[in-house]
Amino acid sequence: MNCSRREFLESGLKTILLAGLPLSAFEILKPEALASIMKGKGRRWAFLVDVTKCVGCGMCVKACKLENEVPYDTKVSRTWIERYVALYDGRVLIDSPMAGRDGFPRNDPQGQKVAKEDIAKAYFVPKLCNLCQKSPCVQVCPVGASHYTPEGIVLIDRSWCIGCGYCVMACPYGTR
Amino acid sequence: MKSHALRPLFVVIVVLVIILIFRTLIVPKDFGIHLRDTPFGSYIWGYYRKGDEDYWKAFKVKHQTMNYCKDCHSEQYKKIINSKHAKVQCENCHGPAVDHPEKPEKLNIDRNRELCLRCHAYLPYRTAKYELRGVPITLKMQDPDAHNTGIECVACHSPHEASLK
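Just so you know, the protein sequences line up as chains A and B, in that order.
Heads up: the first sequence at position 149 corresponds to 149 in my numbering, and the numbers run straight through without jumps.
Heads up: the second sequence at position 111 corresponds to 111 in my numbering, and the numbers run straight through without jumps.
Just chain A, same shape as in the assembly (with noise of 0.2 Å):
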């Protein structure tokens, strides 16, 4: 059988290329593939905050509190909202004062008082659980006590958290 250098080079492409082509195409047969073009079961839930529509009143933080009767009169929340000022002369004031608590109610970032001409930008920034679709904290946990359900809502087991703080670390908005 004859085989010229061209015809050699071009069969040689095809090939390849054929054999690149079901090789992708095994790609659907991977679990998470098959999986979203299921779509999964059910709904999933999320839960979302329009930051730019937050008006720092701080009952989210009130109530966060109260509910999970975290020590009312300490500094500490895990739903906390930040209080952001950035001045023209370069200076950006931010503070969260009991963890935004009691709201903010005058216009005193860091305790000094600024003018609203010298104010270049200013917002709050709400921190609350996101519930992450891949949730840091969830994949963290070294006993599965931080955990996913289903239906998209971050949990934690009471009685099978053995209280190392690893989510807490490794929660990036600093909600755990």
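Calculated directly from the structure, the hints in this document are not laboratory data.
If you're wondering where the values come from, they're calculated on a predicted model, not measured in any experiment.
By construction, the Cβ of each residue, glycine as well, lies at the ideal position given by its N, Cα and C atoms.
Just so you have them, the derived chain A footprint on chain B, three or more residues with Cβ under 8 Å:
no., segment
1, 48 to 61
2, 90 to 101
3, 119 to 125
With chain A held as given, fit chain B onto it using these hints.
Quick look at chain B alone, frame taken from chain A:
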């Protein structure tokens, strides 16, 4: 057949078996890999005790929302849902109801100016206008150190009607 190498091996196997028996005894039956991301579960995201979901489903929340108050305090309820405070939950101002008429018998009434100032104090950077499902909302703010200082807000305003008394 006695060998110095087999003895420690035997000990290791016995210890392992004891640990495994102990493990099956203390690990709850529903602890394992559950559905998450893949039909077969996932070690990273789906490893937990399934029974914990039922624990949280049965968990009693302290904040009961506005609907809970509407039968007993229908007067305040009717006022508020027809006012500009319709979106402000009763428990924001009165604290969580828990088992209210039984335990606490009365909820707290906070007449302090600071309560209203959380939302109504004028700050240059407090969002004054925004939309909620297409409905524009204007949050009217007052300078806390200029608007009738020293007098409780509720001396002049009705908290449930969001208007002057």
